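2 protein chains.
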Amino acid sequence: MMALLTDSMALARWRDSCRQRGGAIGFVPTMGALHAGHLALIQAARQQCAHVVASIFVNPTQFGPNEDFSRYPRTPEADRELLAGVGCDAVYMPEVGEIYPEGFQTAIRVEPLTLDLCGRSRPGHFDGVGVVVTILFNRVRPDVAFFGLKDYQQYQLIRRLVADLAMPLRVVGVPTVREADGLALSSRNRYLDGEARVRATALYRGLLAARQAWRAGERQVAVLERVARDVLERAGIEAVDYVAVREAQTLRVITSFTESMADPVMLMAVRVGGARLIDNMVLSREDGAGLSL
Amino acid sequence: MMALLTDSMALARWRDSCRQRGGAIGFVPTMGALHAGHLALIQAARQQCAHVVASIFVNPTQFGPNEDFSRYPRTPEADRELLAGVGCDAVYMPEVGEIYPEGFQTAIRVEPLTLDLCGRSRPGHFDGVGVVVTILFNRVRPDVAFFGLKDYQQYQLIRRLVADLAMPLRVVGVPTVREADGLALSSRNRYLDGEARVRATALYRGLLAARQAWRAGERQVAVLERVARDVLERAGIEAVDYVAVREAQTLRVITSFTESMADPVMLMAVRVGGARLIDNMVLSREDGAGLSL
Chain A
400 MMALLTDSMA LARWRDSCRQ RGGAIGFVPT MGALHAGHLA LIQAARQQCA
450 HVVASIFVNP TQFGPNEDFS RYPRTPEADR ELLAGVGCDA VYMPEVGEIY
500 PEGFQTAIRV EPLTLDLCGR SRPGHFDGVG VVVTILFNRV RPDVAFFGLK
550 DYQQYQLIRR LVADLAMPLR VVGVPTVREA DGLALSSRNR YLDGEARVRA
600 TALYRGLLAA RQAWRAGERQ VAVLERVARD VLERAGIEAV DYVAVREAQT
650 LRVITSFTES MADPVMLMAV RVGGARLIDN MVLSREDGAG LSL
Chain B
400 MMALLTDSMA LARWRDSCRQ RGGAIGFVPT MGALHAGHLA LIQAARQQCA
450 HVVASIFVNP TQFGPNEDFS RYPRTPEADR ELLAGVGCDA VYMPEVGEIY
500 PEGFQTAIRV EPLTLDLCGR SRPGHFDGVG VVVTILFNRV RPDVAFFGLK
550 DYQQYQLIRR LVADLAMPLR VVGVPTVREA DGLALSSRNR YLDGEARVRA
600 TALYRGLLAA RQAWRAGERQ VAVLERVARD VLERAGIEAV DYVAVREAQT
650 LRVITSFTES MADPVMLMAV RVGGARLIDN MVLSREDGAG LSL
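Which chain is which? The protein sequence lines are A and B, in order.
First residue of the first sequence? That's 400 in the numbering used here, and the numbers climb one at a time after it.
First residue of the second sequence? That's 400 in the numbering used here, and the numbers climb one at a time after it.
Where hints are given, some of them may not hold.
Pulled from the structure, derived: some chain B residues nowhere near chain A, Cβ distances all over 12 Å [stated by the list, open to error]: (1) S469; (2) G502; (3) R508; (4) E510; (5) P511; (6) L512; (7) S520; (8) R540; (9) Y554; (10) A595; (11) V597; (12) G635; (13) A638; (14) F656; (15) R684.
Beta-carbon label-pair distances, calculated as ranges [what the hints assert, rightly or not]: (16) A:V457 <-> B:A409: 41 to 51 Å; (17) A:V457 <-> B:P500: 48 to 58 Å; (18) B:E510 <-> A:G616: 23 to 33 Å; (19) B:G502 <-> A:E685: 21 to 31 Å; (20) A:A615 <-> B:P475: 52 to 62 Å.
No lab work stands behind these hints: they were computed from the structure.
Keep in mind it's a predicted model, so treat the numbers as computed, not measured.
Glycine included, C-beta positions come from ideal geometry on N, C-alpha and C.
My request is simple: use the sequences and hints to build the entire structure.
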């Protein structure tokens, strides 16, 4: 039986019982609307940790005023079935007032890492992510936390935040799970109608084209980005927020490649139908999945 | 023998050995240049906790560009003797590079609490305090942390930060230790020459005068502030940064007193000689010491 923890007291009791039994606690924070990408996080936690807890919390502070907080998909019953089905031990589903108590006024910023890319078109988004993850970490106190590499900038934000604040846990990035045609799984894919769903495959195809060019020896950032953009444009995706090749850990702009250069990651964000979709690929890796830790 | 912990590995070993033996860990973060005020913090920790650790770290990020970081008094040998003398079990003295690793870029802000009073004349100061205390808490992982009520705004900042981020520890405020003539102990008192040292007693006398007025029934904030300012001015202290009566927990401006009103605290900051001095008093409390927790 998966434990349902609706407040921090229940969470604390569950955590204490895990500590008594020994073994690592693995944590997967989510906003619900779970899909196979989330389940891959649970499975990774299951493999590495004796105890696995997920959280479901649609965090209001990471949505902008014109974003989809109110219509963000909420499927708590289905979520719990899915979590139980992959062997999750407990799910923490706090109320907003438990995460943000009265008088709350603390902000966390990781800059410059979060200023560019998605941070540019979603001001405040990563501040909300950083603060809620810090709060959840302090409540759950896991030994290991698992994040999807699909949200690549978020993953690097969490790694930086944990290192900077010396939080006592390890952060693991889990490769993006894709549909058969390459579309990265996302809760926001639910917004796509049939025609938009087809166009959305261009993200992955654009990344593959850029990786192909990288493998063929192309080292000009602008050319690599052009290759991917061409794929998006041919698919009729006109609302391109960004297509960018960056240094894979710091997300710094790359001016020229040298032998000592860290891996380059290509990141993109577009609007298709009513949905904002993101995807990424580490061009220099066979699996494209991102950094091993 | 007091343990000297110069890096986080030694700190972790010390903490693990405390955990094995059981009992609470009490933590007193300091910037060194210790005086009897700090020792009162250690003694409070000693009374409440099985294990007591202090840190000495002159935190560069809480000094402004025109402040006294480079000339801040550093007396590590004397500090260690004093700590050992009051029964401190361990002292953590990290290097700057251990607290702020390469690529560090995380900021913590608690606003509006830190925008006014000392925050107004020391921009960035409380951001530096908040981030270093968070890092130290995550490294030391104490059960209880002790802060002097002399730095009253800092104390409320830490309480807010710990509550907001759900940090798993308790924050205790320890009453200000004063010289026989009432001057609050401060490492910066070392900057005072004989004449400035005499004038500096006006801070406490001003607070006492305001409390006297409060007890006599005065409830107009402006009048209470005027009473204290008059004492400062009569002592020849012209460089008054602020004299303010505020709500004692949130430090919000008080517009009118009502029966349900929380306690009022008077806070002041002045320049005397080469030193910036602060002091405060909870006007409604007999000991004036601040809030019990």
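### Query
Of the numbered hints stated previously, which ones are contradicted by the structure, given in increasing order?
Hints 2, 3, 4, 5, 6, 8, 17, 18 contradicted; others consistent.
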